[in-house]
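K.L.:
So the chains spell out like this:
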Amino acid sequence: METAYESTDPFTPDTRHVAVIAAGLSDPSSTSMLAKQLSQATADALAQRGYRPVIHHFELREVATDIADSMVTFSRSEKLSAMINEVEQADTIIAVSPVFKASYSGLFKSFWDLIENDALIGVPVQLGATGGSPRHSLVIDNAMRPLFSYLRMRVMPTGVYAATEDWGSANGGQDTQDAESNEAYLSRRIAHAGDELADVTARLDPRPRRAPSQPKDLEVIPFDQLLNGTDQ
Amino acid sequence: MQFGVFTIGDITPDPHTGKAPSEHQRIKDTVKIAKHAEQAGFEVFATGQHHNPPFVAPGNPPVLLAYLAAQTENLILSTATTLITTMDPVRLAEDYAYLQHLADGRVDLTMGRGNTGPVYPWFGKDIRQGIPLAVENYNLLYRLWREEEVDWEGRFRTPLQQFTATPRPLDDVPPFVWHGSIRSPEIAEQAAYYGDGFFHNNIFWNKEHVIQMVRLYRQRYEYYGHGKAHQAYVALGGQAFMREKSQDAWNEFRPYFDNAPVYGHGPSMEDFTKMTPLTVGSPQQVIERTLEFRDWVGDYQRQMFLIDHAGLPTKTVLEQIDLFGEKVLPVLREEFAKNRPDDVPEAPTHEFLKARKAAGNAPIAGGGQGSQAFLDREKAKAKETESN
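First to last, the protein sequences are chains A and B. The number in this note's numbering is simply the position in the first sequence, starting from 1, with 847 added. The number in this note's numbering is simply the position in the second sequence, starting from 1, with 889 added.
Please note: incorrect hints may appear among the correct ones.
[Claimed, not checked] Residues from chain A that face chain B, not an exhaustive set, calculated with beta carbons under 7 Å:
(1) D916
(2) T920
(3) R923
(4) L954
(5) W959
(6) L961
(7) L1065
(8) F1070
(9) L1073
(10) L1074
(11) N1075
[As the list claims (entries may be wrong)] Result set (DSS-like, lysine-lysine): computed pairs, CA atoms no more than 27 Å apart in a straight line:
(12) K1216/B with K1063/A
(13) K1096/B with K956/A
(14) K1117/B with K1246/B
(15) K908/B with K924/B
(16) K926/A with K1163/B
(17) K1063/A with K1096/B
(18) K1096/B with K926/A
(19) K956/A with K1163/B
(20) K1117/B with K1063/A
(21) K1163/B with K1216/B
Since the hints were made in silico from the structure, they are not lab data. Fair warning: this is a prediction, and the values are worked out from it, not measured in the lab. Don't be surprised by glycine CBs; every beta carbon is placed ideally from N, CA and C.
With the hints as extra help, turn the sequences into a complete structure.
P.N.:
Okay, here's the thing in structure tokens:
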């Protein structure tokens, strides 16, 4: 799914490809909603800075069985391959998971397990999570952040957590003594996250892209180095 | 173009009866299958190497292959694969050279690292060293077959001094070696460096891996000066189940597919046949699918098929081999020959290798004079001298 921001020429240097991964299980889902708001905020912030954002929005529920199949065999469906291909060459990434049993969902983890270890080194990533209660908000820092550190990505300092009550509460948004409602706070935080991600993304060169039909070139260590053990 | 059958020797219960053959039965049937393959017109039979149940592929393939050499006339006996990582290269040099004599040269090998992690510690090796083991061990094996006396020191075994591997290879021409890997570029590079062949098992994976790996191997083969990229030696695997009527093949194979080791209980047969080269259908469909492989990798030398697996009764396996022989191989031979450039070589045989060596055309490991690799080395040397 691509937004109206889609560039007519994807190879223009001011285009930035944003891959959005939402691991919500229902449709509609609050995870998907948060992912869309984060990508909109990022797109707006990139556009303000003179870039053309191209949003690639992916719902993992649509490839849930493909991911499971890929785990137990080595094969990948075309749809999943295309998704991984797009994520691996994105300029920036937004990753949003629901909180299940004190962590991200298994589906979310399984997807990232399929990404090559070194495919996303240095790529900025904005994290988001949704849950039934604000008590799970540290899942972003305690569970999600290490996963993307492992992939050596640039994890944005601001994570956006949305609990059920942040989407609209029974008592007119005044759950706390604060002047600001939960909804307003969430919107402000989303906008801030979008700014942050756009700032970092704009400072980096666009990553090389290849046509879907063009297989990745493999890199090779010359055999003399392998033989002499000088490759390490 | 050579066609062959390869086996992993799995003992899998037949889903209709729940019964698995005994090890004895499966081993004897493997011999029957190999002999039947020769009669049906296949040129090659290759066995896996396994050290754990539920497999009866031999721990030392030359044991089976030597027996087959005595039972067959023309079949080329090969492996799929020989574990170069965990086996002592000295034993490999000796065992396969001995086999080569018994089989009058009807032998080649495919090197692999194996896909069973626990095997490494059983043989005192460290799985994290998989690639370095494959690199060092093969380099020693290569030398043992080509140098009368070898002085050698490496990381993974005791040093050798003035060591002579016996017997010497038949006619002093070592068996041809294919290097198999699904997605490690180092192994494609290794195959290219020595001017050896490259094998992709092409079974469980999407075609992108096959295309990438073969392309890399071909480019590097040319870089090392062994020939043009399109002249490099490529072998592929594949698997098929067929009946005259496509629907019969689907109905009959489905219970075996659904319960097969490796991919059973995973994707549906419909999805798996789309994602991987598995073809279930009529002989015509198998022909069409196999011919597609050439579009992926260019004109190639050897096509292997996995036929005896997933608990299929031996009777069915033999019928499949007959169908290949009668309906598939003759058409494939004809089609693969069409538009094949004259300078694309056939798969190497012992006689070919003997003639090539006599003519002084055996590949020079790492690239001889005139190769781009040689020029690059010279350039690097000159640069080093300059900076000293």
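K.L.:
Now tell me if each hint is right for this structure.
P.N.:
So, going through the hints one by one against the coordinates:
no.	hint	verdict
1	D916	holds (4 Å)
2	T920	holds (4 Å)
3	R923	holds (6 Å)
4	L954	violated (16 Å)
5	W959	violated (19 Å)
6	L961	violated (12 Å)
7	L1065	holds (4 Å)
8	F1070	holds (4 Å)
9	L1073	holds (5 Å)
10	L1074	holds (6 Å)
11	N1075	violated (10 Å)
12	K1216/B with K1063/A	violated (37 Å)
13	K1096/B with K956/A	holds (25 Å)
14	K1117/B with K1246/B	holds (19 Å)
15	K908/B with K924/B	holds (25 Å)
16	K926/A with K1163/B	holds (12 Å)
17	K1063/A with K1096/B	holds (12 Å)
18	K1096/B with K926/A	holds (15 Å)
19	K956/A with K1163/B	holds (26 Å)
20	K1117/B with K1063/A	holds (22 Å)
21	K1163/B with K1216/B	holds (23 Å)
Hints 4, 5, 6, 11 and 12 from the list above are not met by this structure, while the remaining hints are.
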